[in-house]
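*Asks:* Quick mapping for you: the protein sequence lines, in order, are chains A and B.
For the first sequence, numbering that gives the first Met the number 0 gives the first residue as 0, with consecutive numbering after it.
For the second sequence, numbering that gives the first Met the number 0 gives the first residue as 0, with consecutive numbering after it.
Hints were generated in silico from the structure; no laboratory data involved.
Even glycine gets a Cβ: it sits at the ideal position worked out from N, Cα and C.
There's no promise every hint is true.
[Said to hold, decoys possible] Which stretches of chain B does chain A cover? Using the computed rule of at least three CB atoms under 8 Å from a CB of chain A, they are:
no. : stretch
1   : 4-10
2   : 13-25
3   : 59-72
4   : 292-298
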Amino acid sequence: MSVTEYDVIIIGAGVAGLTAGAFLAGRGFKVALVTSGEPTACLSTGCIDVCSRDHNPLLGIKELPPAHPFHLVPEQTIRESLNNFQAAMMDMGIPYAGALTENRFVLSALGTFKTSCLVPSTMKAAPQDTKDSIHIISFRGLKDFYPSYIISRRKNTKFSVYDAGVSSTMGIASHFEEKEFLESFIVWLKGQNIDEDKIAFPAVLGLESAAEIVKTIATRVGKPVFEIPTIPPSMPGRRLFNALKDYFRKKGGTIYWAWPVVGIEKAGRLIEAVVTQSEGRPNSLNARAFILATGSFVGGGLVAGRETITENIFNLPVHVPGPRETWFDNDYFSFNHGIGKAGIMVDSSLRPAGTPWENIFVCGGILADTEILKNGCGHGLAMATAHVAAKSCMEYIR
Amino acid sequence: MNFEHCIRCTICVENCPVLRVNPDFPGPKQAGPDAQRFRSDREKAEDKWVLLCSQCKRCEMACPCGVEPAQIILRAQQRYGLEHPLSPAHLLFANNYYLSTLGSLTAPLANRIAATKVGKKIFSAMGIATYIPFPKFRFRTLRQEKKTRSRRSRKVAFFYGCFINFYRPDIGRKIIQLLKSFKVDVVLPPQWCCGLPALGNGNLALARSFALKNTASLSNYIDAGYDILYSCTSCGLCLLHDYQGILEIPQAKKITENTYDLHEYILRLVDDNYIKPQFQEVPRKLAYHIPCHLRALGIGYPAAKLMSLIPGLTCEILDDTCCGLSGSYGFKKSNESTAIQIGNRAVAVIKKTGAGAIVADCGSCRMQLGGLSGLATLDPAEVISEALGITLEKKRKS
Ligand SMILES: Cc1cc2nc3c(=O)[nH]c(=O)nc-3n(C[C@H](O)[C@H](O)[C@H](O)COP(=O)(O)OP(=O)(O)OC[C@H]3O[C@@H](n4cnc5c(N)ncnc54)[C@H](O)[C@@H]3O)c2cc1C
Ligand code: SF4
Ligand code: SF4
Chain A
0 MSVTEYDVII IGAGVAGLTA GAFLAGRGFK VALVTSGEPT ACLSTGCIDV CSRDHNPLLG
60 IKELPPAHPF HLVPEQTIRE SLNNFQAAMM DMGIPYAGAL TENRFVLSAL GTFKTSCLVP
120 STMKAAPQDT KDSIHIISFR GLKDFYPSYI ISRRKNTKFS VYDAGVSSTM GIASHFEEKE
180 FLESFIVWLK GQNIDEDKIA FPAVLGLESA AEIVKTIATR VGKPVFEIPT IPPSMPGRRL
240 FNALKDYFRK KGGTIYWAWP VVGIEKAGRL IEAVVTQSEG RPNSLNARAF ILATGSFVGG
300 GLVAGRETIT ENIFNLPVHV PGPRETWFDN DYFSFNHGIG KAGIMVDSSL RPAGTPWENI
360 FVCGGILADT EILKNGCGHG LAMATAHVAA KSCMEYIR
Chain B
0 MNFEHCIRCT ICVENCPVLR VNPDFPGPKQ AGPDAQRFRS DREKAEDKWV LLCSQCKRCE
60 MACPCGVEPA QIILRAQQRY GLEHPLSPAH LLFANNYYLS TLGSLTAPLA NRIAATKVGK
120 KIFSAMGIAT YIPFPKFRFR TLRQEKKTRS RRSRKVAFFY GCFINFYRPD IGRKIIQLLK
180 SFKVDVVLPP QWCCGLPALG NGNLALARSF ALKNTASLSN YIDAGYDILY SCTSCGLCLL
240 HDYQGILEIP QAKKITENTY DLHEYILRLV DDNYIKPQFQ EVPRKLAYHI PCHLRALGIG
300 YPAAKLMSLI PGLTCEILDD TCCGLSGSYG FKKSNESTAI QIGNRAVAVI KKTGAGAIVA
360 DCGSCRMQLG GLSGLATLDP AEVISEALGI TLEKKRKS
């Protein structure tokens, strides 16, 4: 018996990889996950975007262009994936609010609304319209969070500043985990005699226990309290990543950190092992099936050259939207960059199209035609396709 | 190491245990790739804060772009050490090996001094923290042990490292017995401190001289068909990573290619069907604190894999926390408060598991966590020996 052989190896520790991993490990498969670094979930707001094209994400999905990979996921599986996610996060102590049939709004640091489907409980009380009056608490020296942006866009909004003794996002969040700090903060907050309906904070209210901390503050001051997502370092993103990772481990999965996959071993139509770079000698890990969840460009799954886009582990054919001129829109902030369509084309079982491989399944941001930015379908699509990939994997192994 | 690959995602920042508790440290992104832009060979180094980095390498493990902030900082630390007179504590800990040799030759006396008030005052005046007891020197070091050979096919040369040698030779003896029980020949090659303490205290020249001596010695054994084993994960990281990297040792590649973690090696023996260990039941619940440097080695967690084969044993893997001591880092007065705060966080996570004892591969992690938590600590080799019914032979011919 080999102790280093697995049923399934997943490449990439993003929302897609960790979701597929927990699904399979929870059903008794021996699963290992290898990753070169931490995923884009850490940079995200922690909110689960499913599809922002319609107020009802399910209807929005129906409107997506025919090539969109969401069409490969049965509606039943989309529901199942979000339900599993909500149950898992409840279990890990970071409950998520929301339902698949209705998008919600999250107040952004610019004072605009971000549309998302499931939101961390710490953002549940965010206003859904412009009526509520809001009092923002900021922290002395905290960079990249300016209440005046929000005030310039919203009436009935005021702010105060608290001196936490430190000014970095991590430092403040860390302090909130200490009982004494939280206590003296609450005493200060009560002393502010806030009149507004709701109290808002940049998302620095703790790391592991944010849900509890928000609840405590709300109860003690007797007003709804919510977090406003910040740019990275993003605490809600980190909480999401930590919870997914711990959940995967709890289900029995193994993680190999800092193992960039650099090659493969193959035989006929099968991949037998992935080779990873570690100090001194390459390590190879065997498995019966593989799930590729290395994300798009930021995650590292796709690499753009001058004229070509490649996937460097299995060398899968990459769908390139057109010549380089079409990759980028002139407006930097546009949602319409052509390169958003680049990725791996797959068949209905999420095997890479046009390749001989029988035991590779692809999911998450690396898929072609997602246009994640334009369609507002980041983590939600990753979870849904991860479920399809995991199920195909199970079917194949059986 | 390439600071220009940094995309400023701040994922490293979120992973830095020092930044979390010490606002004076700007964190891996700023101290690493950001500051690197402004470092010039023509100006004296003024970035004293680089010394606040404990070299846990967690930033490197997390970076999705392969930037290696810890490497950049390590080089800045060496440069700072070269250009500025360092504190007595830095000098002392760089020379820890010589200090320890002296300590073990005069063990009873040295231990008594270290335990007295006067001794503690002297330590404190030199900038050495005394919040956890200084490790006790042992009279009979492992070095004085006779070579143990049996005529079998697998041969290993054991790099036991300073901690086992000077403080816990009994663990070293257990490891030797464990390997003998697996029909592996063990020799103890001539060896010196791996060099990591010297490197961590800004003394590149001393680190290099240790490394050269070790490389010459180990290289002879490799030529004679031995594999090199280490059990201290920090020694391992230094041998495999720093000899090739910052220390630029000519034969380092050979060392790297032939050196294995003890448990990694045992797993290979299992996989090769060379051994079939019959583990007895160990009905215990343990918390496995993964040393940062085991993570950084990029070999997965081989001891966890082995321990998972032991019936009755539950072993919870905890790899999100650093113990805070980082070798000699926390023993410096200037880092005391940082080390305690980081350590207490790790202890809180351990206590949450309800485990009866802590396992960790690294002696200094065990010292710190045992000291702060009051829980018993074990080397994984001790747990595996227990499961195989291996105890130290009482009568040893010396
Ligand atoms: C800045 C930013 C903000 C975002 N905000 C949101 C948001 O608020 N809400 C939302 O729903 N979506 C958001 N998204 C989109 C969302 O993060 C992704 O679409 C989704 O999570 C896809 O995840 P993934 O698992 O497919 O890949 P990724 O998250 O990209 O993860 C890829 C993983 O693969 C690993 N990897 C890559 N190459 C290799 C290799 N060779 N070997 C081993 N491992 C490798 C990486 O280290 C990483 O761990 C955001 C994206 C970005 C970039
Ligand atoms: S994690 Fe890497 S890329 Fe991101 S900021 Fe740190 S060094 Fe730069
Ligand atoms: S090595 Fe550790 S202490 Fe140093 S910057 Fe990186 S994460 Fe922080």
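*Asks:* Hints first: check each against the structure and report whether it holds.
*Replies:* Okay, the hints, checked on the actual structure:
| no. | hint | verdict |
| --- | --- | --- |
| 1 | 4-10 | holds (count 4) |
| 2 | 13-25 | holds (count 7) |
| 3 | 59-72 | holds (count 7) |
| 4 | 292-298 | holds (count 5) |
The structure fails none of the hints (numbered hints given earlier).
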